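K.L.:
Spelled out from the first residue to the last, the chains are:
There are 2 protein chains.
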Amino acid sequence: MSWCSVKAVVLAGGSGTRFWPLSRAHRPKQLLPLWGGKTLLGATLERILPLVGWEGVLVVTGQHLAPAVAEHLPKLPPQQLLREPCGRDTAAAVGWAAWREVSQGGNPVLVVLPADHWVGDDEAFRQVVRAGVALAQGTNGLVTVALSPTRAETGYGYLELGEVVEAREGVRCFRVRRFVEKPTVEKAQAFLAAGNYRWNGGIFAFTAQALVAAVRQYLPALAEGLDQLVELAKAVGEEEAVQRVYPSLPQISLDFGVMERASNIWAVEGTFPWQDVGSFASFAQLLPPAEGGVSLGSVVAVDSANCVLLSQGPLVAALGVEDLVVVATPEAVLVTTREQAQKVKDLVKELERRGLHRVL
Amino acid sequence: MSWCSVKAVVLAGGSGTRFWPLSRAHRPKQLLPLWGGKTLLGATLERILPLVGWEGVLVVTGQHLAPAVAEHLPKLPPQQLLREPCGRDTAAAVGWAAWREVSQGGNPVLVVLPADHWVGDDEAFRQVVRAGVALAQGTNGLVTVALSPTRAETGYGYLELGEVVEAREGVRCFRVRRFVEKPTVEKAQAFLAAGNYRWNGGIFAFTAQALVAAVRQYLPALAEGLDQLVELAKAVGEEEAVQRVYPSLPQISLDFGVMERASNIWAVEGTFPWQDVGSFASFAQLLPPAEGGVSLGSVVAVDSANCVLLSQGPLVAALGVEDLVVVATPEAVLVTTREQAQKVKDLVKELERRGLHRVL
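These protein sequence lines are chains P and X, in that order. 1 is the number of the first residue of the first sequence in my numbering; add one for each residue after it. 1 is the number of the first residue of the second sequence in my numbering; add one for each residue after it.
Chain P extracted, bound-state conformation:
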């Protein structure tokens, strides 16, 4: 196995509105200094670089975020920063990367990495990725990292594992029997008890050609659009071709559009500590217990419990409250409950509707 034939496809597209007001239109979630100055995007790169080096990284992001991403990653060669003129979800983003590689005559194993994951053991993570790459090369299939569930989480999709196959790089490998969409609590509890269910975190490995073939089979409209893009790029250059074609691509996730439909799906077991950082509730799980719940920044809590209290500006003083999420910046303060925190996205839409662009 040659490591020159591996490329990490880092998905850094969204602006993470569920992290508002920490995230802002010009300050997306993946560029926030969440842990002592370290960003989610920076941590993602740091985690994979020992395997692929800067020459083996592709970062897909929104055109409007590209300058900030480029500034944040000065060592990333400009042609490896893929700028989407508009978001078209992960099938288009990963498809673009695969089509691009194949059209340039390559067939690397693509390792798909969302930029909003926290991983508690980078070396264990890389071991699993090595196994995934080997499995993808060996099977020519689509490989997902099967994450060990630690609770009956209803916010993730699950994988039902089939038979164990030969281990790679010391990591257990499986056939995947099926993908299961976000379950009910009862189902999640049953999955946890059953033992052969894992979380699907959206970390994948496959050769570029295998992905192209799967997209052709399950998402023909996307395949057609990407064919066009590659053709047009030869005439007018990639940048111009993307501007013209990308907006017309179908908007669908790789999970839903390809992984859940395909049959040659494999899994490598990811036992490293893992957490997505999609919302304040999930971010809170990464913070140590503090006065009043968990907190970050300038916070005082009195007679308070189970709160998520974050400040990047004014002192937050909580008095006699429970189960709240309070996020303060110099421009805006969010006050909601742990339960309602998932609706911050809708709140941001409402602020937009009201023309409050100065805080977005």
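Note that these hints are calculated values from the structure, not bench results. There's no promise every hint is true.
A pair counts as met if it fits within one copy or between any two copies, since identical chains are not told apart.
Here are the simulated EDC-like cross-link-like pairs (lysine to aspartate or glutamate), alpha carbons at most 20 Å apart as the crow flies [as the list claims (entries may be wrong)]:
1. Lys234 <-> Glu224
2. Lys345 <-> Asp303
3. Lys343 <-> Glu291
4. Lys182 <-> Asp89
5. Lys38 <-> Glu71
6. Lys349 <-> Asp303
7. Lys343 <-> Asp303
Quick caveat: nothing in here was measured; it's all calculated off a predicted structure.
Using the hints, position chain X against chain P.
P.N.:
Coordinates of chain X only, in the frame set by chain P:
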């Protein structure tokens, strides 16, 4: 009745920590622009000036707040601003004013006005004050304004009215049978039903000599201290005398120390709309209904109810919350419940204990 013999004693001493973080050590509650730039102190003066003019005003405040008060009231002659080196509650503050007048050979009727009241009809208020002054002069007793209760409030003291006496200036006057400390809900409901109970708001009228006599009778230690102060002032000047004597004065309220103990208590009926502005909960009653409850400043509320949302800085965005009090300034954000809001005073003490002086 000569109006030259009336002086308003405006009590503007406290910094209003229950209004933190709107109020700050250097920005006390009574100087906050709460309604379109108008302050509580400014509104109090505006309300009484048509009766007494600037020459008839005494403002008692803390030494540390005096520069801000003087700046806010440029027309107040400096010798009419009484600076307390430390807070000794209302008996000492009003006693000082009374001793001062008497020692200067005067015997005006003193009208005691807390600086944190909202009044909905200034002309009706002045009519009641005129009646109170006439009653105080006519009876040589201690007169309180009996405020009409509009709810079974447990946060105020009550007055039990006795027989009606001759009306003054068209306002009903009564003997006061007794003062009742803040009651239970059951008692408050019974008072409301009984019809002869009123709120005691802390607005009083009496001649300076009547107050001096009552203090001599019920608070002899205070009387002794004020005698000393006046004597010493002749030798070293009032400022120096106050510095030396004031800290040793007993700390007790005029209500508890004098009014509840005295027998020659009278009341004038105050039917004007009235509200104290002691806490966010009481302030909230003065704000019109808004999205999510009541609000002031830059606020958005979605799926929220019965909240008090105030901002003098960052946008406050409430999502799916109820019964909360959120108060945001550029330096600090308070998040508490309506029920806990009365404990903000304790929170401020806690912040002080932790050395967070930059937000106090």
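K.L.:
Are the hints correct? Go through all of them and say.
P.N.:
Checked hints:
1. Lys234 <-> Glu224: For Lys234 and Glu224, only the intra-copy Cα distance (16 Å) is at most 20 Å; the inter-copy one is 100 Å.
2. Lys345 <-> Asp303: Result: close only across copies, 14 Å inter versus 30 Å intra.
3. Lys343 <-> Glu291: Between. Shortest inter-copy distance 18 Å satisfies the 20 Å Cα cut-off; intra-copy 25 Å does not.
4. Lys182 <-> Asp89: within (18 Å within a copy, 62 Å between copies)
5. Lys38 <-> Glu71: within (14 Å within a copy, 48 Å between copies)
6. Lys349 <-> Asp303: For Lys349 and Asp303, only the inter-copy Cα distance (14 Å) is at most 20 Å; the intra-copy one is 33 Å.
7. Lys343 <-> Asp303: Answer is between; shortest inter-copy Cα gap is 11 Å, intra-copy 26 Å.
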